[in-house]
Amino acid sequence: MQNWQSDPVLCVEHLTMRFGGLTAVKSLSFDVGRGDITALIGPNGAGKTTVFNCITGFYKPTEGRIGLRHGIIDFDIGKQAATQSSSYVTHSAGGAVYLLERMPDHLIAKQAKVARTFQNIRLFAGMTLIENLMVAQHNALMLASNFTFGGLLGFKTYTTAERAAKEKAAFWLEKIDLLDRADMPAGDLPYGAQRRLEIARAMCTDPVLLCLDEPAAGLNPRESADLNTLLRSIRSDHGTSILLIEHDMSVVMEVSDHVVVLDYGIKISDGTPDFVKSDPKVIAAYLGVDDDELEGAESEVSA
Amino acid sequence: MKTPLHKLNWLNAFKEAAIAGAVTFTLFSVLLGINIYQNSNNDTMIRLRPALLVGFSLFAAALRFCIILKQSLQLQVPAHKKIGWFEKVEPHLQPILVGLMAFFPIIMLGLLGGQASTKWIDNYGIVIMIYIMLGWGLNIVVGLAGLLDLGYVAFYAIGSYTYALLAQHYGFSFWMALPVAGVMAALWGIMLGFPVLRLRGDYLAVVTMAFGEIIRAVAVNWRELTGGGAGINVPKITFFGLPFNANEDGFAAYFGLEFMPIHRSIFLYYVIFTLAIITAIITIKLKKLPIGRAWEALREDEIACRSLGINTRNTKLTAFAIGAMFGGLAGAFFGARQGFLTPESFSFEESVLILATVVFGGMGSLTGVVLASIALFGGMEILREFSFVEQLIGIDPNRLRMLIVGLGMVLMMLWKPRGLISTRTPTVFLKQKKSISGNLVKEGHG
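Those protein sequences? They're chains A and B, same order as listed.
Using this note's numbering, read the first sequence as starting at 436 and increasing by one per residue.
Using this note's numbering, read the second sequence as starting at -5 and increasing by one per residue.
Hints should not be assumed to be uniformly reliable.
As a list, the in silico DSSO-like pairs of lysine-lysine whose alpha-carbon atoms are at most 30 Å apart [unchecked claim]: (1) A:LYS591 to B:LYS425; (2) B:LYS436 to A:LYS591; (3) A:LYS591 to B:LYS82; (4) A:LYS610 to A:LYS545; (5) B:LYS428 to A:LYS610; (6) A:LYS601 to B:LYS425; (7) A:LYS545 to B:LYS436; (8) B:LYS82 to A:LYS610; (9) B:LYS282 to B:LYS427; (10) A:LYS548 to B:LYS281; (11) A:LYS603 to B:LYS279; (12) A:LYS603 to B:LYS64; (13) A:LYS461 to A:LYS591; (14) B:LYS64 to A:LYS601; (15) B:LYS279 to A:LYS601; (16) A:LYS545 to B:LYS410; (17) B:LYS9 to A:LYS601; (18) B:LYS281 to A:LYS545; (19) A:LYS601 to B:LYS113; (20) A:LYS603 to B:LYS113; (21) A:LYS545 to B:LYS282; (22) A:LYS591 to B:LYS279; (23) B:LYS9 to A:LYS591; (24) A:LYS603 to B:LYS436; (25) B:LYS282 to A:LYS601; (26) B:LYS410 to A:LYS610; (27) B:LYS436 to A:LYS601; (28) B:LYS436 to A:LYS548; (29) B:LYS410 to A:LYS601; (30) B:LYS436 to A:LYS610; (31) A:LYS495 to B:LYS279; (32) A:LYS610 to B:LYS113; (33) B:LYS410 to A:LYS603; (34) B:LYS113 to A:LYS591.
Hint data in this document are derived by calculation from the structure and do not stem from the laboratory.
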């Protein structure tokens, strides 16, 4: 049994998203394994970003359930209990299950601990790198500053927490190789560095699940390779599960443990990279030919 | 390589200048060229003023010529690296400005003596300080959180009327009413904040403008409470219980001084100075706290804020509430200074002028607000000193007040489109604090 079946962290069930008459995602179900790097791929307009926006709360799904698990609580029982309760969460001794479709976006980031990056980078361009990473630690710092009052009076708890936050920011800047530019405005960074900074900023929220929307878009091969190293390190050193949308197949096939393929809002394949690579449906979706013409088209492309 | 932004083309420069001159001539032909007046028989007479009109047009043409000349001399530097000389001077300017503000009445007293300096402390010092405080309060909403508020005067009005009504009905003194005025204004800030949470940019500006007008309309029409257009009396400020009058129990008598109206002016000046400095200190501290960083992040990118778990609703509401609170405090002071309130003091024009100080100063910059307030309100007031110009050009410059302010705004925006201090200072740094060019900093959109 695969990891995403035996130990899932995220469970998307019958997710449907309609915009007026258009059904962008139709009854989509998949699991994301804890500690896995899961890739969500598909041709343009397949509904990948819509799925992301549903998971991170920027869209309210029309139908379906999105469960997220912290700790070792039994996922099915937890989901059942949360669904029947009037709340969006059920706690137990070993962890908690959150129903993301019931939560507003900032609570998904704050409580369910799902962080995300954006396809068109959304950094705070006029703020320095370190400020960007400090904003990401807003909730922890807010608590330490007694909701501003303690901070205003200069309480020690806040100054200690602020120092710790700065150290954490410096740690992540070092990790993405931007420590020497810590005091530069984020808008001044080259494109590849901005992508890395956005990932670091998301990681500063201590996420359980990190959702990356095309992290390798616009990167050169070396930067792409560095990104793979960074993603592997996030998974192994920080225990964060990663869900990513990607067009760059070298990234997808190299780092991911699990690939889900979407086409026209429907899941057409789900499995290990090797399984998906040889799935005729996937090849058809990408090359846009009928199944019986497949072999001819394949040789044409390789030639 | 540094290359000029535009190559200088003399012919083109003259052409542009001629066009500017012609446009000015056409626009001002009726306004300046024809003077309607009444002679001693009360007949309406028309007098042509070609010299003034031509002079004005030539001035505009020369100005346009200079701008083109300047553009051709300007070197092309990557936009984001550009930090103007003015921003470099700014850190040295700060202590000078604070010193000037702190010792202004004393300097004036020393220079002009007790009689002549009253006008300067009253009409210049106190008025400018009130607008500096209002500018600093609005700066939190507009400059930091990036929420365009065109109805800030509403909170100023709420503060004033809170003090006036508490004093009238419950006998509150200024110092007792001051915190209540602040809290009331903050509550109304939240009240305004809720309905406009989802609005951005122009739409937000229109609704906040309407809010400002609603408060004024209520003050005009609810005669039983506010006295309507006839106004309401407010007890004048006392020196912690000692009134500023010539009586036995007055301030002067108590301290064995000769009674002079300037005592009250100096006291008022230091009250508003203290309130304004408290505003500045709290703003500077808040900027470095998570809430302040969240405001600035909100101005930069609201969606990114939400993805980081920041509650944008609460963040916006705190910005509205704290900004409004300072407006309310300034309002209570205004009431205590005037001794009499009418809704006319809280017109839309006031909101616009306060917003202008924030935009001119450079959004988010405290020093900028001070400079802009001095230039705008000091400048408008000082026009009164130039009445003699009427003999020279035939028009009292006071009547051209708004025209001159408008012209100043246009020139200012040509010179510094992002305000006097367009750079942003980081709130936290690892090794070295470096200013951020205004071109990277967003203005916010709601």
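Each hint, compared with the structure:
1. A:LYS591 to B:LYS425: Holds, at roughly 22 Å.
2. B:LYS436 to A:LYS591: violated (33 Å)
3. A:LYS591 to B:LYS82: violated (34 Å)
4. A:LYS610 to A:LYS545: holds (23 Å)
5. B:LYS428 to A:LYS610: OK: LYS428 of chain B and LYS610 of chain A at ~23 Å, within 30 Å.
6. A:LYS601 to B:LYS425: Satisfied, since the Cα-Cα distance of roughly 11 Å is no more than 30 Å.
7. A:LYS545 to B:LYS436: Holds: LYS545 of chain A and LYS436 of chain B sit about 25 Å apart, inside 30 Å.
8. B:LYS82 to A:LYS610: Distance of about 34 Å is beyond 30 Å: violated.
9. B:LYS282 to B:LYS427: Holds, at roughly 13 Å.
10. A:LYS548 to B:LYS281: Answer holds: LYS548 of chain A to LYS281 of chain B is near 26 Å, not above 30 Å.
11. A:LYS603 to B:LYS279: holds (22 Å)
12. A:LYS603 to B:LYS64: Measuring from Cα to Cα gives roughly 48 Å; hence the hint is violated.
13. A:LYS461 to A:LYS591: violated (52 Å)
14. B:LYS64 to A:LYS601: violated (44 Å)
15. B:LYS279 to A:LYS601: holds (18 Å)
16. A:LYS545 to B:LYS410: Judged against 30 Å, a Cα distance of about 40 Å means the pair is violated.
17. B:LYS9 to A:LYS601: violated (57 Å)
18. B:LYS281 to A:LYS545: holds (22 Å)
19. A:LYS601 to B:LYS113: Between LYS601 of chain A and LYS113 of chain B the Cα gap is close to 51 Å, so the pair fails against 30 Å, i.e. violated.
20. A:LYS603 to B:LYS113: violated (56 Å)
21. A:LYS545 to B:LYS282: Distance ~21 Å between LYS545 of chain A and LYS282 of chain B Cα, so the pair holds.
22. A:LYS591 to B:LYS279: Distance ~15 Å between LYS591 of chain A and LYS279 of chain B Cα, so the pair holds.
23. B:LYS9 to A:LYS591: violated (66 Å)
24. A:LYS603 to B:LYS436: holds (26 Å)
25. B:LYS282 to A:LYS601: holds (13 Å)
26. B:LYS410 to A:LYS610: At roughly 39 Å apart (the allowed maximum being 30 Å), LYS610 of chain A and LYS410 of chain B break the hint.
27. B:LYS436 to A:LYS601: Holds. LYS436 of chain B to LYS601 of chain A sits at ~24 Å (cutoff 30 Å).
28. B:LYS436 to A:LYS548: Holds. LYS436 of chain B to LYS548 of chain A sits at ~28 Å (cutoff 30 Å).
29. B:LYS410 to A:LYS601: The given pair, whose Cα atoms are some 34 Å apart, is violated under the 30 Å limit.
30. B:LYS436 to A:LYS610: holds (28 Å)
31. A:LYS495 to B:LYS279: With Cα atoms ~38 Å apart, LYS495 of chain A and LYS279 of chain B exceed 30 Å; violated.
32. A:LYS610 to B:LYS113: violated (62 Å)
33. B:LYS410 to A:LYS603: Given that 30 Å is the threshold and the Cα spacing comes to 38 Å, the pair is violated.
34. B:LYS113 to A:LYS591: Given that 30 Å is the threshold and the Cα spacing comes to 47 Å, the pair is violated.
Against the hints set out earlier in the document, violations occur for numbers 2, 3, 8, 12, 13, 14, 16, 17, 19, 20, 23, 26, 29, 31, 32, 33 and 34.
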